[in-house]
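Trainee: Sequence:
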Amino acid sequence: MTTAPVRADAAGPAPDVPRVLVVDDDATIAGVARLCLELEGFAVDVVSDGSAALQAVRADPPDLVLLDVTMPGLSGLDVVRRLRAEAATAALPVMLVTARGLTADKVVGLAAGADDYIVKPFDPEELIARIRTTLRRTADARAVSPLTGLPGNVRIEVEIRSRVRAGTPYAIGHVDLDEFKSYNDHYGFLRGDALLLALSSCLTSAAAGQDPPVFVGHVGGDDFVLVSTPEQAEPVARRVAERFDEVVRRYYDPEDLARGVLVQPDRRGELREHPIVSVSIGVAWSGAADSDHRAVVAAAGEMKRYAKSQTGSSVAVDRRGSAGAGDG
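Per the working numbering, the sequence shown starts with residue 1, numbered consecutively.
Careful, some of the hints might be misleading.
Claimed, not checked - Straight-line C-alpha distance at most 25 angstroms; calculated SDA-like pairs for lysine to any residue:
(1) K106 / S75
(2) K120 / P18
(3) K181 / L257
(4) K308 / P265
(5) K106 / V119
(6) K181 / G149
(7) K120 / A207
It is worth saying that the hints were derived from the structure and are not from the lab.
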């Protein structure tokens with residue numbers, strides 16, 4: 001029989017409080033774990049079997065699962081394997097709780113996809129330290145792009161908010177490749193990744209040596225972000241476009257370069273021509289020091305869409321820090 005998660009605070013935890021799902025059929029062990037975690041400021045849900053754990057995670061994913069290995073029905077190892085097999089939970093931090101400290105058992109747990117383990121009866125201080133370390137390691141991994149090593153969404157948001165708090169005008173450049181999908185479809189994802197790394201290099205080299213520093217982030221896929229002063233934004237963006245146009249041809253086969261296009265069938269089987277990949281950059285900056293950064297991000301996105309409507313690599317600038325339109 002499965003059990004619904006038991007939450008101490010029926011109203012739910014505050015948004016920034018880390019939430020741990022404790023999964024253990026031993027009510028005493030689960031109660032000790034809950035008490036240790038709540039005393040350290042964690043929000044805690046408790047279920048008593050593997051099936052209930054999967055249901056709880058799918059309904060409302062926690063920040064970490066503390067999972068007993070030996071349970072009736074689905075074992076802890078079974079639960080880990082199922083979590084790792086689903087895209088939505090493949091990266092969810094999981095710590096196993098085992099009654100045995102044998103190396104072989106630990107190896108099996110880690111091989112199944114667990115991030116860490118602890119042997120019971122556990123020391124409360126060690127439990128909290130291991131959970132915090134696992135959460136920190138996961139947050140660090142999410143903070144950077146695994147492909148480019150550039151800061152990801154979390155650090156991009158932090159950077160923009162820090163500029164807002166500083167009270168000085170700032171600019172955002174939204175960078176996106178044109179015809180990247182056709183390139184990826186034609187040459188494969190490995191060469192597509194190589195092209196993304198080339199764009200990353202163009203961005204970092206164009207931003208190098210700027211004072212104050214220009215921030216470069218990787219949102220994901222072929223989407224990148226520049227954060228700078230308004231004075232730096234357009235010159236840096238145009239350097240990126242120029243450098244990318246210089247290097248992109250190295251990533252094409254000679255016969256495709258000779259044609260100047262990639263020829264691919266569409267969904268109806270009709271051949272279509274796709275031009276050489278180019279880069280579009282939309283730039284916008286804050287007007288007042290306390291400008292809503294979401295409006296600046298939206299304006300940069302609007303300018304990027306305008307840039308993509310142009311032929312070849314293009315930079316479009318929203319001058320509504322004074323108010324303006326696109327400039328290809």
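Trainee: A separate judgement is required for each hint: does it hold in the structure or not?
Mentor: Against the structure, the hints:
1. K106 / S75: 15 angstroms, holds
2. K120 / P18: Distance of about 23 angstroms is within 25 angstroms: holds.
3. K181 / L257: Holds - the C-alpha atoms of L257 and K181 are around 17 angstroms apart, at most 25 angstroms.
4. K308 / P265: Given pair K308, P265 holds - Cα atoms ~22 angstroms apart, limit 25 angstroms.
5. K106 / V119: 9 angstroms, holds
6. K181 / G149: 22 angstroms, holds
7. K120 / A207: 51 angstroms, violated
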